[in-house]
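Chemist: Here's the letter readout for the chains.
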Amino acid sequence: SQQGEEDPQALSIQEGENATMNCSYKTSINNLQWYRQNSGRGLVHLILIRSNEREKHSGRLRVTLDTSKKSSSLLITASRAADTASYFCATDLNYQLIWGAGTKLIIKP
Amino acid sequence: NAGVTQTPKFQVLKTGQSMTLQCAQDMNHEYMSWYRQDPGMGLRLIHYSVGAGITDQGEVPNGYNVSRSTTEDFPLRLLSAAPSQTSVYFCASRPPGLAGGYNEQFFGPGTRLTVL
Numbered sequence: 001s002q003q004g005e006e007d008p009q010a011l012s013i014q015e016g017e018n019a020t021m022n023c024s025y026k027t028s029i030n031n032l033q034w035y036r037q038n039s040g041r042g043l044v045h046l047i048l049i050r051s052n053e054r055e056k057h058s059g060r061l062r063v064t065l066d067t068s069k070k071s072s073s074l075l076i077t078a079s080r081a082a083d084t085a086s087y088f089c090a091t092d093l094n095y096q097l098i099w100g101a102g103t104k105l106i107i108k109p
Numbered sequence: 110n111a112g113v114t115q116t117p118k119f120q121v122l123k124t125g126q127s128m129t130l131q132c133a134q135d136m137n138h139e140y141m142s143w144y145r146q147d148p149g150m151g152l153r154l155i156h157y158s159v160g161a162g163i164t165d166q167g168e169v170p171n172g173y174n175v176s177r178s179t180t181e182d183f184p185l186r187l188l189s190a191a192p193s194q195t196s197v198y199f200c201a202s203r204p205p206g207l208a209g210g211y212n213e214q215f216f217g218p219g220t221r222l223t224v225l
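Line by line, the protein sequences give chains V and A. Per the working numbering, the first sequence starts with residue 1, numbered consecutively. Per the working numbering, the second sequence starts with residue 110, numbered consecutively.
Quick caveat, the hints were computed from the structure, so don't treat them as lab data. A portion of the hints provided could be inaccurate.
[Stated by the list, open to error] Just so you have them, the derived chain A footprint on chain V, three or more residues with Cβ under 8 Å:
(1) 59-70
(2) 98-108
[To be verified] Far from chain A, some chain V residues (derived; all Cβ distances over 10 Å):
(3) 7
(4) 12
(5) 18
(6) 20
(7) 33
(8) 41
(9) 42
(10) 73
(11) 75
(12) 77
(13) 78
(14) 83
[Said to hold, decoys possible] Over 10 Å on every C-beta distance to chain V, these chain A residues come out as not near it, computed from the model:
(15) 127
(16) 161
(17) 168
(18) 214
Just so you know, even glycine gets a beta-carbon here, dropped at the ideal spot from N, CA and C.
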């Protein structure tokens, strides 16, 4: 069974707008990670947030973590066409990463 | 560094055939893993290894075998292919974290397998 669930399943926005994706999980974690997957490619790590952190930034990415609600969000600001991809959250516990089904993000020009 | 490499990129098998998917990494990572990705789903862990000579099962291990004789290589064997094993297979490796545990995962480009 999958640990994480992303919401929404699909998101279509105009270039320049902000995109927000959410991830919920079920058990306690060591850290939570976000990855991007371009169509037909392998996954690329975006950002890792540890269980004792609440917010983290990397360029145009902002990740929050609420361990009391077992949820995380990924915000991409000032979206670009190149951000079109699927985004996955993965929770890290006991040597294993458990993955959600992903959010498919489409950036319209 | 080449990172994580996988061969082949594409493979078509007939039901009952066996084959080995190859995975290698040149980053000296102790932790390696195999996932399958089916349409509309996230990755599901098949097997993983925390070092040479050590392997363990993930979420969906049935029908697959692994071995880890070296740090660099982690092959995945399909014993008797079935149509349900049609999927995209990803190999990945992870470096250890500073405070124990592991950090981000590095992925290979994937192998697209079709079983007829």
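Chemist: Hint by hint, say whether it matches the structure.
Modeler: Here is how each hint holds up against the structure:
1. 59-70: Coverage by chain A is violated for the segment 59-70 of chain V (0 residues, Cβ < 8 Å).
2. 98-108: holds (count 5)
3. 7: Holds, since 13 Å exceeds 10 Å.
4. 12: The claim holds: residue 12(V) sits with its nearest Cβ about 17 Å from chain A, beyond 10 Å.
5. 18: 24 Å, holds
6. 20: 19 Å, holds
7. 33: Incorrect as stated: the minimum Cβ-Cβ distance to chain A is 6 Å, not above 10 Å.
8. 41: 7 Å, violated
9. 42: 4 Å, violated
10. 73: 17 Å, holds
11. 75: Holds, because the least Cβ-Cβ distance between residue 75(V) and chain A comes to about 19 Å, which exceeds 10 Å.
12. 77: 22 Å, holds
13. 78: 24 Å, holds
14. 83: 19 Å, holds
15. 127: Holds, since 25 Å exceeds 10 Å.
16. 161: 15 Å, holds
17. 168: 8 Å, violated
18. 214: Non-interface label on residue 214(A) violated, nearest chain V Cβ at 6 Å vs cutoff 10 Å.
In this structure, the hints that do not hold are numbers 1, 7, 8, 9, 17 and 18, in rising order.
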